[in-house]
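Peer 1: The primary structure of each chain is shown beneath.
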Amino acid sequence: MFSSKRLGAAIVSIALAATAVAGCGGTESTGTPSPAGTAKGSEGKASDNSKKLDISVSFFNIGSAFPDRNSDPFLKFLQDKFNVNIVDKVISYADYKEKYQLWAASGDLPDIFSDDVVNTDQYYSRIKQGIIRPLPSDLSKYPNVQKVLQQDDTKGLTVDGKFYMIPRLTYQNTDQWAIERAVVVRKDWMEKLGLKDPVTYDDYLNLFKAFALKDPDGNGKDDTVGLTFRTSTFLLPLAGGTFPNVINGSWVKENGRYLPYYASDKMKDVVKQLRQLYTEKAIDQDFAIMKPNDGFDKFGQGKVGALGVQGTANALNSLKNSWNKYNKDTKLEDVIKIIPISWAAADGNRYRYSAVTFWSESYFSSKVDDEKMDRILQIYNWLLSDEFMTFKRYGFEGKDYKKEGDKFVITRDQDSSGKYKSLGSLYPSFGGLFGALAAWGQWLEMEDNPVNKVNYGEQLWSLSNNMYKSSVASLKPVPSNFKVELLYTPAKAKLSAVNPTEDIIKVILGKEDPVSMWDTIVKGYNGKGLQQAIKEVNEEVQKQGLDK
Amino acid sequence: MRTKTGLIKRMVEYKYMYLLVLPLAAYYVVFDYGPMYGIILAFKEFNFSKGIMGSPWIGLANFKEVFELDEFWLAFRNTIIISFGRLIFEFPVPIVVALLINEVRRAGVKKFYQVVYTFPHFLSWVIVSGIMVNFLGTFGVLNQLLELVGLQKINLLVDPSHFRSLIYTSSLWKDMGWGTIIYLAAIAGINPSLYEAAAIDGAGRFQQMQHITWPALKGTVVILLILQVGRTMSSGGGGFDQIFNLYNPAVYEKADILDTYIYRRTFALGSSYGTSTAVGLFKSVINCVLLVMTNRLAKRWGQEGIY
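Chains C and Y, in that order, give the protein sequences. The UniProt record's numbering puts the first sequence at residues 1 to 548. The UniProt record's numbering puts the second sequence at residues 1 to 307.
Where hints are given, some of them may not hold.
Said to hold, decoys possible - In silico lysine-lysine, DSS-like type, Cα no more than 25 Å apart, as pairs:
(1) Y:174 with C:511
(2) C:303 with Y:153
(3) Y:254 with C:523
(4) Y:50 with C:291
(5) C:337 with C:192
(6) Y:174 with C:291
(7) Y:174 with C:272
Think of the hints as simulated: they come from the structure by calculation, not from any bench.
Pulled out of the complex, with its shape left as it was, chain C reads as follows (with noise of 0.2 Å):
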């Protein structure tokens, strides 16, 4: 009896690692259809929408997209719309270059999927092996779609004349960025400390220092740190008033040619003065060892003078979060205020974070026959419409907001601290793949409008738009050529080996000379195709002519 048990599980475990082999990609099956995917008549539709097609998606956050699928309003509008029935296939941040590579490999990729490995070598090779397919060549029939394609920093990235993705907007122009990376520090205690705004190096050094060592909290103990950060990304921008392209890690132009910013002689200012920062206490002394998002546990609990952090609502909105867990009297908003990233460099000027316009891009298999992807494309142009802008800011008419007039007014449920229902906890399909599918769309955070000031809070919301306003208006935008950063070379593309940001934690925690140390980091380099790299850069430039 249990010898024949066991046999019959080998023989179908065979069997699954047989169709496995076989890899039979397109038979998705999974999950049953619910009432909403039943099909009714789409009111008034084009006709060519009759077939229902089965769309398989991945995406980001798609593992809190669908809860309940018979409860979601939003994914039966949208597939009762455009006439599929949505099938997800799970990833995480955490896993979903994995999942990519093993999907590609046994040909089970979903029908679409987001990654960002725009212009890298995998992306090429994707290409190459026909894993992915290209858009239409006339995308007239989806003016929002063609949009995103024709914008400056986007039109260039066709190859062999076809788009193979469609950027993942963030933001609509690059100057949008402009406090992605910010300083909140403690208004109170530097009312305490007697010290004004900071200017210079030095100004940011003492104000850092003090915050570390002269008991800002007033308890007679060393118990406060300088500056800590939200995540190690934050720690290079900080020299950004010494060499501003370490505040977006772009190539830089020197003497005529491109360099990647970590290739630069500037880099050996930026590490001496890193070093100084941390020896003299003003860097949080355990930032090395810290784990994503502790600055903001630190934060909260009135430990910190000041976090290297994005300077927008959402960000503050979480730092908040954490500053409300231990501080029940103090509201954040009275208490912080949002500096420049860095100091002003030697000219006397500031800079402010800049980057193209979209962070990943949306990917096809090339599975997807040409009815399939007219209608993924529909569902791309309808995702960016103006009319899918407004949902995503108000939700749906006559049951989420009204119009009187032209005014909007919000009739959403709200939950027990009078912040309303996030559109993500009413519609779970919309929170964890539809709002962000085509677009991220960060801009509507930054819109004056009633639900991000009533969600916000109005004034931690102000305190972030304020910050936005006079960066656009007084700091200058880091000088960097995008088309340089998109630009692919097999050399430029392996230099992702390179991972500066740890090297140069390496230098600010070492013993020895930083700028020595930092030589023999750069000649490392060297031996891991910089030079190369920078050579193939240069010749395309010229070759291409993408030199402004």
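Starting from the known structure of chain C, arrange chain Y on it as the hints suggest.
Peer 2: Then chain Y, alone, in the frame of chain C:
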């Protein structure tokens, strides 16, 4: 010499026995030996559309690529040093602890110690590393104590010269009790009449340990030693979790082992199935050689070995 027909005859005779083994054999073929064909990736340039079998052969290029990296050799050296460190500093401790616990006569107290020593094993390295960061950080207990007695603050976790001792001590703290279980089991199997006889002959506690407990334990010690040596290139088994959670860029030069290095490399580069497999294969081959060697040595010394 058994003839071929003789073997078949025997197999037919014992056919039900063979049938009993079959499911297990099938299990191994499907789940353990089947996937092994993936090893050939180490000699191929992986092409998604062609799959593992269809991808072009590139000889030893993957190995060459890896062997040319300074970081690889750094990680290789660290792996060996940390593994041998574990053999010297960590391996003997559970044996000693087991012998000591065994000397505790009252059963209740014995159980109590055993539980106390075993418990930390059930905390994951994520939690233990969190505790350690709190304990050893700038404002942690250790530095508060140092400050109290007027000494300089130190930050052990970012200091390469202290990192390895931290690795050994933390894994001792966590796992030494767990390691004693198998030894205590071996000790429990010793016939009590041996101790009685020795006591009548006038042997003291230490002599009993020396002449009865230790000889009975030796076989187990050797087997565990062989297994441990066989894991050298994986840094003593379970090494990844510990080091990954405790290390940071400042201590890579002393802490980075092959497993952690490959993990970072695969993620940084995105597509290096070939080179990752090459390193994995390289590691396994060395482990295998070490295992065979220790097993031979053990046999030469009159012990049983593992096969």
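Peer 1: Holds or violated: residue 174 of chain Y with residue 511 of chain C, Cα cutoff 25 Å?
Peer 2: 31 Å, violated
Peer 1: Does residue 523 of chain C lie within 25 Å of residue 254 of chain Y when you go C-alpha to C-alpha?
Peer 2: Holds. Residue 254 of chain Y to residue 523 of chain C sits at ~21 Å (cutoff 25 Å).
Peer 1: Given the hint that residue 174 of chain Y pairs with residue 272 of chain C, test it: the Cα-Cα distance must not exceed 25 Å.
Peer 2: 40 Å, violated
Peer 1: Residue 174 of chain Y and residue 291 of chain C: Cα distance at most 25 Å?
Peer 2: 22 Å, holds
Peer 1: Decide if the proposed pair is consistent with the structure: residue 337 of chain C and residue 192 of chain C, CA atoms, cutoff 25 Å inclusive.
Peer 2: Given pair residue 337 of chain C, residue 192 of chain C holds - Cα atoms ~14 Å apart, limit 25 Å.
Peer 1: Given the hint that residue 303 of chain C pairs with residue 153 of chain Y, does the C-alpha gap stay at or below 25 Å?
Peer 2: 18 Å, holds
Peer 1: Do the alpha carbons of residue 50 of chain Y and residue 291 of chain C lie within 25 Å of each other, as the hint requires?
Peer 2: 40 Å, violated
Of the numbered hints listed earlier, those contradicted by the structure are 1, 4 and 7.
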